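With these hints in hand, go ahead and build the complete structure from the sequences.
Residue numbers (the numbering used here), protein chains in the order written: chain V, 1 to 215; chain D, 1001 to 1259.
Because the hints were derived from the structure by calculation, they are not lab data. Incorrect hints may have been included.
Across the chosen pairs, the derived CB separations fall in these ranges [what the hints assert, rightly or not]:
#1 V:201 with D:1024: 49 to 55 Å
#2 D:1058 with V:18: 34 to 40 Å
#3 D:1095 with V:175: 25 to 31 Å
#4 D:1196 with V:96: 46 to 52 Å
#5 D:1148 with V:89: 58 to 64 Å
#6 D:1017 with V:165: 39 to 45 Å
#7 D:1095 with V:165: 41 to 47 Å
#8 D:1142 with V:177: 42 to 48 Å
#9 V:175 with D:1017: 37 to 43 Å
#10 D:1163 with V:9: 39 to 45 Å
#11 V:175 with D:1167: 25 to 31 Å
#12 D:1046 with V:197: 27 to 33 Å
#13 D:1160 with V:112: 51 to 57 Å
Reference excerpt, derived from the structure (chain D facing chain V, CB under 10 Å, subset only) [stated by the list, open to error]:
#14 1076
#15 1079
#16 1082
#17 1086
#18 1090
#19 1119
In silico negatives: residues of chain V with every beta carbon more than 12 Å from chain D [claimed, not checked]:
#20 10
#21 33
#22 55
#23 82
#24 135
#25 203
Owing to the predicted nature of the structure, the values given are computational and were not obtained by experimental measurement. Ideal placement from N, C-alpha and C gives every residue a C-beta, glycine not left out.
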Amino acid sequence: MKQLTDPLIDKNPVAVHILGICSALAVTTSMATALTMSVALTVVVTLAAGLISALRSHIPNQIRIIVQLTIIATLVILADLLLQGFAHDMSQRLTVFVSLIATNCIVLGRTEAYAMHNPPLPSMIDALGNGLGYSLVLMSVAFIRELFGAGSLFGIQILITQAQGGWFVPLRLMLLAPSAFIILGLLVWALRSWRGRLAEKPDFAPRDTGSEASS
Amino acid sequence: MRPGLLRDDLAAILALLPPLAWLWSQDHWVASRLLFCAVLIFGWQALFAQVRRQGMGLHGAVAALLVALFAPMGVPFWQLALGVSFGMVLGEAIFGGRGRNFVQPVALTFAFMAFSFADQPWRQGPDLPLIAILPALALLVITGQARLTVLAGFAAGLAGVSALIAPEQMTMLITGTLLLALLFLTADPAVSGATSLGRLAYGVLAGGLTALFAASGPVFGAVVFATLLAQIFAPLLDHIAIVIHSAWMHHRARRLRNG
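What follows is the structure, given as structure tokens:
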């Protein structure tokens, strides 16, 4: 069970290992795109981990990255085509980011680090946990960005904006890319304050001042 | 009383009183804005000082004065609260307080506001007369809080780029607002470079960018964004200045040794 729950908070791929930032920032302007992206990535990473783990003793070590990428890319293309076929509008809103799952560090990281050395079932649980950890961060960031940037959640108006006769003034910054960095940064800060051992040791120790050294 | 109080903060506060008095004669709300910003900024600083077991200075008053002066008239207080909290916490407090930050927190506050709230003219800045800022110029230069190298570099950059792209905008750039923003935001000693050559280059960069941005927008917004951009480059400019200096010293030592 630790394989499933650890990546949610303590080993979260986005907030602790800082992986997969690019797509996490690009699709979080609204909850709907973030949810679609989360589901797509979770499905791809779980299936890829299972397939690669089942094939792990047959994959030659020298070309393992190429084989892993081929399997991942196949699954990503499948997911992309499914989205284009059954949710065309959503696929238009996500632009290239679903096909970019193929280069997402979380997917390759889990298959390379875990699925290559473990049986299929634990690998899939581990990958599912990481997918859910990614989804958790994506949904949190998207919740803040959509609520304060547009006053809505999943496209349903929660806060009535001034343009519609209400009181709420949308924060335009929330819909721009920098806000995703800021929110993610605050999230990482909060997480590391809460779980102190996640913080790295400082690279440089501050020099003692005279008064502190003498005391 | 902190030993640096007379040298650091008091001069800056005194320098901001003439523009404050001028603005107060135009718009009495500036007093309540100032009080609100001061309470908020000192609150944040006290919180972080408590957590980090550090002391506190009076420089929060300078920041509060600057925000109150530059904010548009009739701005809602909740916007002010959001912007000031953002600027003070993410621009200064998380780095460990004043002197360890690398962007000017007040400039960051206004950049955040300009991006976030389109319903208020955050980039506009007040209409301060030049004469109200001259005491600040004298006080800050004499106490060394606005280095002449930065000011000279800024003037050179501004004049140079203006002459290239829009010679006619030069005269309308020289306003009290530009001078006040230059003195307190751009020439802030904590973030404007640590070497003479670095400061000069930083000033030229900030001035040139200001002239460039002012060609398509209000002057105050141009100074704020030019300052932020230049401040990010200030450590790099310092590094280049140090490399140049040490290469020159090596060269000189070798020449002296070999006669």
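Please test the hint of 34 to 40 Å on the beta carbon pair from residue 1058 (chain D) and residue 18 (chain V). Given about 38 Å between the Cβ atoms, the range holds.
Supplied distance hint 41 to 47 Å, evaluated on CB atoms of residue 1095 (chain D) and residue 165 (chain V): This hint holds: roughly 42 Å between Cβ atoms.
Is the Cβ of residue 203 (chain V) farther than 12 Å from every Cβ of chain D? Per Cβ check, residue 203 (chain V) is outside 12 Å of chain D; nearest 14 Å; holds.
When the least beta-carbon distance from residue 1119 (chain D) to chain V is tested against 10 Å, hint result: 6 Å, holds
In this structure, is the beta-carbon distance linking residue 1046 (chain D) and residue 197 (chain V) contained in 27 to 33 Å? 28 Å, holds
Consistency of beta-carbon spacing, residue 112 (chain V) to residue 1160 (chain D), with hint 51 to 57 Å: 53 Å, holds
Between the beta carbons of residue 1148 (chain D) and residue 89 (chain V), is the distance compatible with 58 to 64 Å? Distance hint for residue 1148 (chain D), residue 89 (chain V) holds at roughly 60 Å.
Does the closest beta carbon of chain V sit nearer than 10 Å to the beta carbon of residue 1079 (chain D)? Holds, about 8 Å.
Just want to verify: residue 33 (chain V) was marked as not at the interface with chain D; is every Cβ pair farther apart than 12 Å? Nearest chain D Cβ is 22 Å from residue 33 (chain V), so the label holds.
Please test the hint of 37 to 43 Å on the beta carbon pair from residue 175 (chain V) and residue 1017 (chain D). Check passed, 40 Å falls within 37 to 43 Å.
Going by Cβ atoms, does residue 82 (chain V) stay more than 12 Å from chain D at every point? Holds: least Cβ distance 37 Å, greater than 12 Å.
Is the gap between the beta carbons of residue 1017 (chain D) and residue 165 (chain V) within 39 to 45 Å? About 43 Å separates the Cβ atoms of residue 1017 (chain D) and residue 165 (chain V), which means 39 to 45 Å holds.
Hint compliance for this structure: hints 10 and 11 are broken, all remaining hints hold.
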